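*Asks:* Construct all of the structure, not just a fragment, from the sequences and the given hints.
Taken in sequence, the protein lines are chains R and Y. All residue numbers for the first sequence refer to the working numbering, where the first residue is 1 and numbers rise by one. All residue numbers for the second sequence refer to the working numbering, where the first residue is 1001 and numbers rise by one.
Source of the hints: derived by calculation from the structure; they are not laboratory data. Just so we're clear, the structure is a prediction, and the values are computed from it rather than from any experiment. Careful, some of the hints might be misleading.
[As the list claims (entries may be wrong)] With a straight-line Cα cutoff of 27 Å, these simulated BS3-like cross-link-like pairs (lysine-lysine) come out:
#: 1; chain 1: Y; residue 1: 1109; chain 2: Y; residue 2: 1067
#: 2; chain 1: Y; residue 1: 1287; chain 2: Y; residue 2: 1248
#: 3; chain 1: R; residue 1: 228; chain 2: R; residue 2: 325
#: 4; chain 1: Y; residue 1: 1397; chain 2: Y; residue 2: 1498
#: 5; chain 1: R; residue 1: 128; chain 2: Y; residue 2: 1502
#: 6; chain 1: R; residue 1: 141; chain 2: Y; residue 2: 1397
#: 7; chain 1: Y; residue 1: 1563; chain 2: R; residue 2: 119
#: 8; chain 1: Y; residue 1: 1457; chain 2: R; residue 2: 128
#: 9; chain 1: Y; residue 1: 1462; chain 2: Y; residue 2: 1484
#: 10; chain 1: Y; residue 1: 1502; chain 2: R; residue 2: 141
#: 11; chain 1: Y; residue 1: 1390; chain 2: R; residue 2: 141
#: 12; chain 1: Y; residue 1: 1498; chain 2: R; residue 2: 117
#: 13; chain 1: Y; residue 1: 1397; chain 2: R; residue 2: 119
#: 14; chain 1: R; residue 1: 189; chain 2: R; residue 2: 251
#: 15; chain 1: Y; residue 1: 1511; chain 2: Y; residue 2: 1563
[Said to hold, decoys possible] If you want the footprint, here are the derived chain R segments under chain Y, 3+ residues with CB under 8 Å:
#: 16; region: 91-103
#: 17; region: 163-177
[Claimed, not checked] Looking from chain Y toward chain R, a few residues come up when the C-beta cut is under 7 Å (computed):
#: 18; residue: 1396
#: 19; residue: 1407
#: 20; residue: 1417
#: 21; residue: 1423
From the three backbone atoms N, C-alpha and C, an ideal C-beta is built for every residue, glycine too.
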Amino acid sequence: MTSKNSSKNKSIGVVGMGSFGTAIANMLAEKNPVVAYARRAELVDEINQEHSVDGSPVSENILATQDPEMLCKSCEILFFMVPSSAFQEVVRAFSPYLYPYHIIIHGTKGLCLNLPKGKTLADMEVIKREHILTMSEVILKETVVVRVGCLAGPNLAKELAKGQPAATVVASKFNEVIHHGQNLLRSDKFQVYGNSDIIGVELSGVLKNIIAIAAGALAGLGLGENAKGLLISRGMVELIYLGNALGGSLKSFVGLAGIGDLVTTCNSTLSRNYTVGFRLAQGESLETIQNTMQEVAEGINTVRLMKTFVEGTGMRAPITENLYKVLFEDLLIEDALQYLMKYPFSVDVDFL
Amino acid sequence: MTDDYIKKRYEPILPQKDEWPVVRLSKSRKEFVRNVAEASKRRILELTGGNMAVLKEELETTLYREKLRIKQNPWAVDPDDDYEFWNTVKSSLLQLSADTSITKTEKKKRYITILDDITMRYAEEIASNFKHTHYKFTRSIITTGFARLLNAARVKGFKRLFSNQYSLQDKIQIIGETEQLRDLASRGTIIMVPTHFSNLDSILIGWIISVLGLPPFIYGAGLNLFNIDIFAYFMNSLGAYKVDRRKKNLPYLETLKTYSSEAIQFGVHSLFFPGGTRSRSGKIESKLKLGLLSTAVEAQRANYQKGINDISGKVFIVPVTINYHFVLEAPSLIKEYLSMTGQERYYAESDEFSTSYKISKFLFKFFTKGSDISVSVGRAMDVLGHYVDKDGESLDKNGRIIKTRDYFIADGEINVDPQREEEYTNRLGNRIVQEFHLINRVFSSHLVAFTAFQMIKKVNRKLDLFNLLRLPEEDIVIPYEDFKNECQRVLDQIFELKANNKIHVAPHLKKGIDEIIAHGLDNVGMYHAKRPLVKDSQGNIITEDMSLLYFYHNRLDGYDLEKLF
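*Replies:* Take a look at the structure:
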């Protein structure tokens, strides 16, 4: 790349070297030196000595560390790529070393609970919007960084790692954050779109995981493409209703991070959430699935959270509600499907 | 913040008036106005992207709107040569667009000259006419004059005319972070952002600023207020610059913003009513007008650009709430609120403050009867909404010192990014709203109005707001015992909020519930012809005006208290 790039040769931070974090670190390393944060000492050594992550080679331009302070000092732009369950904790660990000049872009498709002190999800009768934080809201709450963005879109880590063509959305309220994201990531094989509705884009990535689990379940039952088409389009409607209730805008849901990501995940055996659904339908229990998966399927947590949220608002979200019963209340997938087939959806599209 | 009110007169922080920023500004007024006009011109040229066609269109739109204003909505305060000036602009524009003999560059130059004339005229019109002698005079009128009235009403006997037993500070209580405000005002630049319920606020705040020993603040006052001589005098002497809400054209708005921004950079303390106008619903402002607020962010960045990184170049935002039992304009405000269909539109500027007579009558009532007002001064924040410590350093949530300057940095240096600053302004606006709710002080009258309205609403659950307000007043009777129980529940919740530092309460709320209710009923909207709440002959609670009740009830909106019903 010969394009003028103001962040040229500045180190970029990547926090979290899971599969997606590693893929992004590799892409960033094509243009800039990368400082990567990993929690496991062996992984840090592997990256620094062998230039590989769990055996797969990575760019030599990546320097790994276990020290948040060192990473924050050497980088102005940070990509947070940690699972939502650990997100808050990691952000808190970084918080003392973050300053107002830092810019953070995250790529985590999950939600975080923000309950009053000493309460758990089980104690709460209703969950309101204020009890749910998107990842960007976690960053804003825990740090002094204000210039925050997110990455979302159909970005299956394994395909990115192979260098197959793809696109992503960088969403931020700040144009400068979008520009940075585009400059750093854009390449011949990777297109980067901008969007100012960060909440909508984050929610797209989060809520589509629910539908992905359901799609996996359909496939696991051996059902065909008609059923999948039905699920995806009804899932889209549900996603839009939930997303609006949480403060995202319709436009983002029908964009790359919404429909784009939904279609990809619902068709892909590479997706973790899809796999959860698939294996459920094959008769495995949730516990065994979770124990044997290497990385977290964000959708499971999202279903639990959204089900409680939906109850509090008085809305109906049939797919989410039934999926919840399947996951946590031992409802048979077949019965859930029956329920959905009988559910009186009256209008096809009533949100446009 | 404590709930105790401050009753002492502070020494001025700058004893020499020549040190007052506002005096320095008025001394170099001519040059300052010239600078503002120049800077506005540059901004507008930037906004039009140096494109002549766009500039021409802006000028033509401005001309069209101004002519319309002169024809349809002339005010006494408008200058005599208004018509002439815009006629000249019109003929210059006509001439220029018809002239084919001159080159494009020359043409552009002439358009810019026209723009220059316009911004110069606007800057001159907006600029304040602060005069120190007038300020002194006004201040002494307010303090001594009002104190006379007050004592005349409260102290019995012949001596009352000379008594000093009561001062204005018994009437108007100041609570909160006054020491911090004084301290920072002597070292940095303050932007005070008060809630706005009544036209009285401007004078009230002016008085408070003087009691706290601060040099005068400048503030934007609606040009309509300058229509009334007595107000014009007060406003001018308190350092007001003029905001004409009829003028919504680009050159005017830009000149106004530039004026404010340049004044802040000059180091003059300012006062913004961030709600824009008085709160029509009686709710604490939740949507702020960000136009003027953005000038605070801009001025802060400009100071950093100039390399002023210490406290002398720092801009501090200080939220203030003003709490009343009674808002004189409530009937017309709530009427306007209810008739507004969501869009902003021009409304006739006629209200209880339309004549000097009505104002004097109100002031007399205010000072001779007991309706207390309290003013809560919040903690100072930087332009990003972070609290600051005693040295004016910004703090994060964990008390770590951070540099506000860093928020304006990209790639290692300060840069100008209007979109970024717009977002910062939104953020600051949200923070101010949060702080308003936090420092708001509950009065007994708010409590009774809130409880009564919610009880009526609960009984008529099926009605929407408008039908609810149309209920015949004679049909509404709340048995006293029920009312008392509900008041107690709301009060308990308020004290719980207070325990979590989410609100403040007036000391009179610590009395017994019967006493609180009696106090509230006596005070809520006390001078309205129709009272929002009274006790009937059987001791039950009735209302004479549902809309007014709704207005006073709204003061406690935004605390989720309605969940109790």
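*Asks:* Hints first: check each against the structure and report whether it holds.
*Replies:* Each hint, compared with the structure:
At most 27 Å may separate the alpha-carbon atoms for a hinted pair to count; residue 1109/Y and residue 1067/Y meet this at roughly 24 Å. A threshold of 27 Å between alpha carbons decides the hint, and for residue 1287/Y with residue 1248/Y the separation of about 19 Å falls inside it, so the pair holds. A distance of roughly 20 Å separates the Cα atoms of residue 228/R and residue 325/R; the hinted pair therefore holds under the 27 Å criterion. With a CA separation close to 20 Å, the supplied pair residue 1397/Y and residue 1498/Y stays within the 27 Å bound.
The straight-line distance between the Cα atoms of residue 128/R and residue 1502/Y is roughly 19 Å, inside the 27 Å bound, and the hint therefore holds. This hinted pair checks out: residue 141/R and residue 1397/Y have alpha carbons roughly 9 Å apart, not beyond 27 Å. Taking the CA atoms of residue 1563/Y and residue 119/R, the gap is about 20 Å. The hint holds against a cut of 27 Å. The hinted pair formed by residue 1457/Y and residue 128/R meets the criterion: a straight-line CA distance of about 24 Å does not exceed 27 Å.
A hinted pair counts as satisfied when its Cα atoms are at most 27 Å apart, and residue 1462/Y with residue 1484/Y qualifies at roughly 24 Å. As the CA atoms of residue 1502/Y and residue 141/R are separated by approximately 18 Å, the hinted pair is consistent with the 27 Å bound. Only pairs whose Cα atoms come within 27 Å are accepted, and residue 1390/Y paired with residue 141/R is accepted, the gap being roughly 24 Å. At roughly 17 Å between alpha-carbon atoms, residue 1498/Y and residue 117/R fall within 27 Å of each other, so this suggested pair holds.
A C-alpha spacing of about 22 Å is found between residue 1397/Y and residue 119/R, which places the hinted pair at or below 27 Å, so the restraint holds. Our distance criterion of 27 Å between C-alpha atoms is met by residue 189/R and residue 251/R, whose separation comes to about 25 Å. With a CA separation close to 25 Å, the supplied pair residue 1511/Y and residue 1563/Y stays within the 27 Å bound. For a cut-off of 8 Å, the count of residues in the region 91-103 of chain R with a CB near a CB of chain Y stands at 5, and the three-residue condition holds.
For the region 163-177 of chain R, the proposed coverage by chain Y is satisfied: 4 residues have a C-beta within less than 8 Å of a C-beta in that chain, meeting the threshold of three. The interface hint given for residue 1396/Y holds, since its Cβ lies 5 Å from the closest Cβ of chain R, which is under the 7 Å cut-off. For residue 1407/Y, the shortest C-beta to C-beta distance to chain R is roughly 4 Å, which falls under 7 Å, so the interface hint holds. The closest approach between the C-beta of residue 1417/Y and any C-beta of chain R is roughly 6 Å, which is under the 7 Å cut-off, so the hint is satisfied.
Below 7 Å, beta-carbon pairs count as interface contacts, and residue 1423/Y has one with chain R at about 5 Å; its hint therefore holds.
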